[in-house]
Amino acid sequence: VARPRQVAMALAKELTQLSLPEIGSNFGGRDHTTVLHACRQIAKLRESVPEISHDVNFLLQVLRN
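Per the numbering used here, the sequence shown starts with residue 673, numbered consecutively.
Don't take each hint at face value.
To be verified - Simulated pairs of lysine to aspartate or glutamate, EDC-like, Cα-Cα distance not exceeding 20 Å:
id, residue 1, residue 2
1, Lys716, Glu686
2, Lys685, Asp727
3, Lys716, Asp727
4, Lys685, Glu719
5, Lys685, Asp703
As the list claims (entries may be wrong) - Now the in silico label distances, taken between C-beta atoms and shown as ranges:
id, residue 1, residue 2, range
6, Asn737, Thr705, 12 to 22 Å
7, Thr705, Pro676, 14 to 24 Å
8, Ala674, Ser725, 10 to 20 Å
9, Pro722, Pro693, 26 to 36 Å
10, Pro676, Ser697, 12 to 22 Å
11, Pro722, Ser697, 31 to 41 Å
12, Glu686, Pro722, 15 to 25 Å
13, Ala674, Ser697, 29 to 39 Å
FYI, nobody ran anything at the bench for these hints, they're computed from the structure.
Only a predicted model underlies this, so the values are computations on that prediction, with no experimental measurement involved.
Glycine included, C-beta positions come from ideal geometry on N, C-alpha and C.
Turn these sequences into a full structure, and let the hints guide you.
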């Protein structure tokens, strides 16, 4: 459950202008540092795991259109 939530937080950061505390609040009151950690984790995984990079890029494309 954690990884999909991390992806969703990273997508929210990339696709919205919400602050980290606002994103955390929308994910059940999580702290802004949790959101920051999620964004960093997903960025690192996108660089090292092609499947995750592909999946996140696909989601970004779908959500932007």
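Going down the list of hints, with the structure as the test:
The straight-line distance between the Cα atoms of Lys716 and Glu686 is roughly 15 Å, inside the 20 Å bound, and the hint therefore holds. Only pairs whose Cα atoms come within 20 Å are accepted, and Lys685 paired with Asp727 is accepted, the gap being roughly 16 Å. Among the hinted pairs, Lys716 with Asp727 is consistent with the structure: their alpha-carbon atoms are about 14 Å apart, no more than 20 Å. Restraint check for Lys685 and Glu719: the C-alpha separation of about 18 Å stays at or below 20 Å, so the hint holds.
For the given pair, Lys685 sits about 14 Å from Asp703 by alpha-carbon distance, which is consistent with the 20 Å threshold. Roughly 32 Å separates the CB atoms of Asn737 and Thr705, a value that falls outside the hinted 12 to 22 Å. Checked against the hint of 14 to 24 Å, the pair Thr705 and Pro676 passes, with Cβ atoms roughly 19 Å apart. For the pair Ala674 and Ser725, the supplied restraint of 10 to 20 Å holds, since their beta-carbon distance comes to about 19 Å.
Between Pro722 and Pro693 the Cβ separation comes to about 32 Å, which falls inside the hinted range of 26 to 36 Å. Distance hint check: the CB atoms of Pro676 and Ser697 are about 19 Å apart, consistent with the given range 12 to 22 Å. Between Pro722 and Ser697 the Cβ separation comes to about 33 Å, which falls inside the hinted range of 31 to 41 Å. Distance hint check for Glu686 and Pro722: the Cβ-Cβ separation is about 19 Å, which falls inside the suggested range of 15 to 25 Å.
At about 18 Å, the beta-carbon gap between Ala674 and Ser697 misses the expected band of 29 to 39 Å.
The structure fails hints 6, 13 (numbered hints given earlier, in ascending order).
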